[in-house]
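2 protein chains.
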Amino acid sequence: MMSVEIIVTGKIKEKYIKEYAGEYEKRLGGLCKLTVVELDPVRLCDNPSQKEIENALQKEAAAIKAKIAKGAYVVSLCVEGRRLSSEELAETLEKNALNGSGSFAFIIGSSYGLSKEIKDMSDFKLSMSEMTFPHKLARIMLTEQLYRAFSILGNSKYHK
Amino acid sequence: MMSVEIIVTGKIKEKYIKEYAGEYEKRLGGLCKLTVVELDPVRLCDNPSQKEIENALQKEAAAIKAKIAKGAYVVSLCVEGRRLSSEELAETLEKNALNGSGSFAFIIGSSYGLSKEIKDMSDFKLSMSEMTFPHKLARIMLTEQLYRAFSILGNSKYHK
Chain A
1 MMSVEIIVTG KIKEKYIKEY AGEYEKRLGG LCKLTVVELD PVRLCDNPSQ
51 KEIENALQKE AAAIKAKIAK GAYVVSLCVE GRRLSSEELA ETLEKNALNG
101 SGSFAFIIGS SYGLSKEIKD MSDFKLSMSE MTFPHKLARI MLTEQLYRAF
151 SILGNSKYHK
Chain B
161 MMSVEIIVTG KIKEKYIKEY AGEYEKRLGG LCKLTVVELD PVRLCDNPSQ
211 KEIENALQKE AAAIKAKIAK GAYVVSLCVE GRRLSSEELA ETLEKNALNG
261 SGSFAFIIGS SYGLSKEIKD MSDFKLSMSE MTFPHKLARI MLTEQLYRAF
311 SILGNSKYHK
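Heads up: the sequence lines are chains A and B, in that order. If you're matching positions, the first sequence starts at 1 in the working numbering and goes up one per residue. If you're matching positions, the second sequence starts at 161 in the working numbering and goes up one per residue.
Chain A extracted, bound-state conformation (with noise of 0.2 Å):
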């Protein structure tokens, strides 16, 4: 059974969000050993200088590495990814969990992002979308596509 772990930086407090990501994750739990990490966001203030951006992504990227299992294919989520489709996105799991470890994470950023060093760590960028989402929303797209990924390759009737 692949292992996938989710490091998102920033909590959901809203219970109908929480319910709604709670929905896929369990769903996403049937198919693979999953693991959800919910990293505290550097706060900052409401106008932050391009330097104070910086060092909060950089102490975050900090808690996001000591996060990332031993051996995993990291995957983190950026607008200047690479865009694939719901089938291309299974194949790359598949692919990779047959040549390498098959444990993957998944990282999504604050609202400001990831930092370079962990965008250059990572063996795949991937970006969902060209639009720009908040990551509670960005947190339960990305649990549903790998839920419909492994039902992808599963045979499962989820995706037609």
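By construction, these hints were calculated from the structure, which means they are not laboratory data. Certain hints may be false.
Residues on chain A that point at chain B, a partial pick, calculated with CB under 7 Å [said to hold, decoys possible]:
(1) Tyr20
(2) Glu25
(3) Ser86
(4) Ser129
(5) Met131
(6) Thr132
Quick list of in silico lysine to any residue cross-link-like pairs, SDA-like style, CA-CA up to 20 Å [to be verified]:
(7) B/Lys171 - A/Glu23
(8) B/Lys296 - B/Ala223
(9) A/Lys18 - B/Ile172
All values reported here derive from a predicted model rather than from experimental measurement. All C-beta atoms in this analysis are idealised placements derived from N, C-alpha and C, irrespective of residue type, glycine included.
Following the hints, complete the assembly by docking chain B onto the known chain A.
Relative to the frame of chain A, chain B by itself:
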């Protein structure tokens, strides 16, 4: 004030998804005249034939067409559509509000998508992602993007 109509074939039953969609509808409703129209999808068996799917899409198209506001700029969501960034979506809204009626209709299809007729009659085909998302999630994604687009146009702080 611009008018936005979101026409969705499919209803939301889950309370938590309703709350999530409702949150963005409330916010978006503060920035434009918003109407959300939920239509019933045609019920199909588990393994419908291509012909059955086409018939269902045709019936759904008739219901959709009856709901599109007269003179609205029609945007249908489909995976083969044009991909826009959040900023480009805002520009598209602004440009068409200046040149047109200021009324927009966004159409999200059922789980089998939209009929060719609806796509062909649309002024714009929009793709939010190369990935396939369930219509309930696509609805939240679209509403969030419209809220973001209006925030960009209004120079609010929502969109950094």
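ask   = Of the numbered hints stated previously, which ones are contradicted by the structure, given in increasing order?
value = 2
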